[in-house]
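Visitor: Listed below, chain by chain, are the residues.
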Amino acid sequence: MSRLNPFAKLPGLNTASVLLVESEEHFQQSLAEALVEETSVTVNVRLAKSFPLPIENDESRPRIDLVVFIINLTSELSFQSAEASLKYLEPGYFLGKVCFMVTNARSSSVPAERLDAVRRLAASLHCPLLFAEEQTPQGVTNAAERLLTILKAAAGFVPFTTPLYLSNLTRCTLPPDIDQPSFD
Amino acid sequence: MDDTSKLLLQRLVRRIPTQMLKATLDKWGRLTVEQRQAMDFTQSKWALTQKLLSVCEENKLTLTHLAELEMIHAMENPNQGMWYTFQLLEPENDAQSVELTQFKQQFKCHLSELLRQMSVKIKKHTDEAVWIRIALGSSFSKPNHLKPTYVVHYLQTPYVFVRNLTSKLKPLLSQALTLATRHQGVKEANLSGRNLTSIRDLLMRQYQQVFPTKYRSPPEEEDQPVLNQHIEKEQGGVAAHRRHMAHQAFGDGMLPQLQSAVYMLDTKFRDPNNRTMTEREETFKCVVKFSSIDLLESLRSCASSGIASAPVTPLLSSIPLKGRNYFVVTDNTPGPSSQGHQTQN
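Chains as they are written, first to last, in my numbering: chain A, 1176 to 1359; chain B, 4 to 348.
It should be emphasised that the hints constitute simulated quantities derived from the structure, not laboratory data. Wrong hints could be hidden among the right ones.
Heads up, incomplete: computed chain A residues facing chain B, CB under 8 Å, no partners named [claimed, not checked]:
{"id": "1", "residue": "GLU1199"}
{"id": "2", "residue": "GLU1200"}
{"id": "3", "residue": "ALA1207"}
{"id": "4", "residue": "VAL1216"}
{"id": "5", "residue": "LEU1222"}
{"id": "6", "residue": "LEU1228"}
{"id": "7", "residue": "PRO1229"}
{"id": "8", "residue": "ILE1230"}
{"id": "9", "residue": "ASN1232"}
{"id": "10", "residue": "GLU1234"}
{"id": "11", "residue": "LEU1344"}
With a cut-off of at most 30 Å between alpha-carbon atoms, the simulated DSS-like pairs for lysine-lysine come out as follows [claimed, not checked]:
{"id": "12", "chain 1": "A", "residue 1": "LYS1184", "chain 2": "B", "residue 2": "LYS236"}
{"id": "13", "chain 1": "B", "residue 1": "LYS171", "chain 2": "B", "residue 2": "LYS145"}
{"id": "14", "chain 1": "B", "residue 1": "LYS173", "chain 2": "B", "residue 2": "LYS190"}
{"id": "15", "chain 1": "B", "residue 1": "LYS236", "chain 2": "A", "residue 2": "LYS1262"}
{"id": "16", "chain 1": "B", "residue 1": "LYS9", "chain 2": "B", "residue 2": "LYS150"}
{"id": "17", "chain 1": "B", "residue 1": "LYS30", "chain 2": "B", "residue 2": "LYS124"}
{"id": "18", "chain 1": "B", "residue 1": "LYS236", "chain 2": "A", "residue 2": "LYS1327"}
{"id": "19", "chain 1": "B", "residue 1": "LYS173", "chain 2": "B", "residue 2": "LYS127"}
{"id": "20", "chain 1": "B", "residue 1": "LYS111", "chain 2": "B", "residue 2": "LYS48"}
All C-beta atoms, glycine included, are put in the ideal place defined by N, C-alpha and C.
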């Protein structure tokens, strides 16, 4: 089983690479286009449907600084696919180089348990959890901006910050009463 | 004007949208020019109905005239109600030479022989379709014009589309149809849908089709714009392969709109994880129903986006190939029979 290793390759000069993983391959394209607009650093975006990544791309793939799992809350398959993909990452990634992005969380057809499951997953892995609006261009730009902030820290472009801070300071936390039934 | 005519007129006015009412009345041609100009279409539906009622009284219009109006509306809006398809079998030698007058005469004659209380209207639509409206009555009651059956037939083709068919009319209708079109039998074609034009296109193959070949088609031109050099797809090859498979099964043009596909499974239960069910001798009966606004289109996008497994199962791809959306699957048929399907909406 070939796993993705965070430190197997040398970083490029003034370059940050991000891997967007989404089983539906729907939002990642527009998000990628918004991400590469960034001018202060060169952003490389790799798009994938799920792990494992094809071996023949190993040579051409740059060092991935941040892995983003995009989970569409309206689809159970999307969550399961992300969960199954996690085991193809080296443990080093979970020191601040993985983040989860949830879309469609406002949709009324989403069962509340699914969001809880995603939060539990993110909290157990000490990863940040972002919410994004994929329907509007405004939402996509916002999501890209927030991702860029994390990406820059994860790639080491922010002075006096390491990705380790990310996993400690921005990780998803669970409310203590998540298991108790709510009364509303 | 009796009560039935009043009721029929009320229902008609209620059903026809206000902006279409004027055109429909013009086409009907039973009102004089002055009467049509006197109609004020900005009024409420109720006021319009009262106005129309008085005009109809004045012109001494009867139930049959109103039935005509309803038929005009039905022909203008073929995509309403559920249409079922029948196929005529074993044409006789002169089946190709049946023409409209002969068909009309024969059909009416055969039906009226079978049942006295019946009102039949036959009209030819602009696109070669023959529309038949049948209102059926029992032996003691007048024809029920409130629930007519519509039959659409294209002369010289073996297909008949029927809406609102009652079980009582079915044997009579099939007999009259086979005799009038010079065929020897009729069977259900297992295709139904809300969109008449679509199911017609599907059966008569009037849409862009693909033909199964064993050779790979030449790689399609990438019509996507050139991607940014900083964006790269890890699994681009797989995605292209999936799109290719979806294209092979469903083509890439416009597909006819179907609303549902039903599979009656009567097969042995097969699941390696569930021994109790798998070891049972008798077959496992269940119904798998796919429904969507545009079923074929959604199946295609499921296949190309990877939600459904990559080579589309022959069960799904045979919907456009065989032109039917009702299948009975038993263990004897070749091909995969009891696979897990993902349902989608």
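Visitor: State for each hint whether it applies.
Guide: So, going through the hints one by one against the coordinates:
About 6 Å separates the beta-carbon of GLU1199 (chain A) from the nearest beta-carbon of chain B, less than 8 Å, and the hint is met. Of the supplied interface hints, the one on GLU1200 (chain A) holds, with its beta-carbon coming within about 7 Å of a beta-carbon of chain B, less than 8 Å. The closest approach between the C-beta of ALA1207 (chain A) and any C-beta of chain B is roughly 5 Å, which is under the 8 Å cut-off, so the hint is satisfied. About 11 Å separates the beta-carbon of VAL1216 (chain A) from the nearest beta-carbon of chain B, more than 8 Å, and the hint is not met.
Evaluation of the LEU1222 (chain A) hint against chain B yields a held restraint, the C-beta minimum of about 5 Å falling below 8 Å. Taken as an interface hint, LEU1228 (chain A) checks out: its beta carbon lies about 5 Å from the nearest beta carbon of chain B, inside 8 Å. Checking PRO1229 (chain A) against chain B: minimum C-beta separation of about 6 Å stays under 8 Å; hint holds. At a threshold of 8 Å, the smallest CB-CB gap from ILE1230 (chain A) to chain B is about 11 Å, leaving the interface hint violated.
Of the supplied interface hints, the one on ASN1232 (chain A) holds, with its beta-carbon coming within about 6 Å of a beta-carbon of chain B, less than 8 Å. Given the 8 Å rule on beta carbons, the hint for GLU1234 (chain A) is violated: about 13 Å separates it from the nearest Cβ of chain B. Using the Cβ-Cβ criterion of 8 Å, the hint placing LEU1344 (chain A) at the interface with chain B is not satisfied: the shortest such distance is roughly 29 Å. The hinted pair formed by LYS1184 (chain A) and LYS236 (chain B) meets the criterion: a straight-line CA distance of about 19 Å does not exceed 30 Å.
At roughly 15 Å between alpha-carbon atoms, LYS171 (chain B) and LYS145 (chain B) fall within 30 Å of each other, so this suggested pair holds. Pair hint LYS173 (chain B) plus LYS190 (chain B) holds up; C-alpha atoms about 11 Å apart against a cutoff of 30 Å. Restraint check: the Cα-Cα separation between LYS236 (chain B) and LYS1262 (chain A) comes to about 21 Å, which is no more than 30 Å; the hinted pair holds. A threshold of 30 Å between alpha carbons decides the hint, and for LYS9 (chain B) with LYS150 (chain B) the separation of about 15 Å falls inside it, so the pair holds.
Our distance criterion of 30 Å between C-alpha atoms is met by LYS30 (chain B) and LYS124 (chain B), whose separation comes to about 16 Å. For the suggested pair LYS236 (chain B) and LYS1327 (chain A), the alpha carbons sit about 22 Å apart, so the restraint of at most 30 Å is met. Taken as a hint, the LYS173 (chain B) and LYS127 (chain B) pair is honoured in the structure, with Cα atoms around 22 Å apart against an allowance of 30 Å. For a cut-off of 30 Å, the pair hint linking LYS111 (chain B) to LYS48 (chain B) is broken: about 35 Å separates their Cα positions.
In this structure, the hints that do not hold are numbers 4, 8, 10, 11, 20, in rising order.
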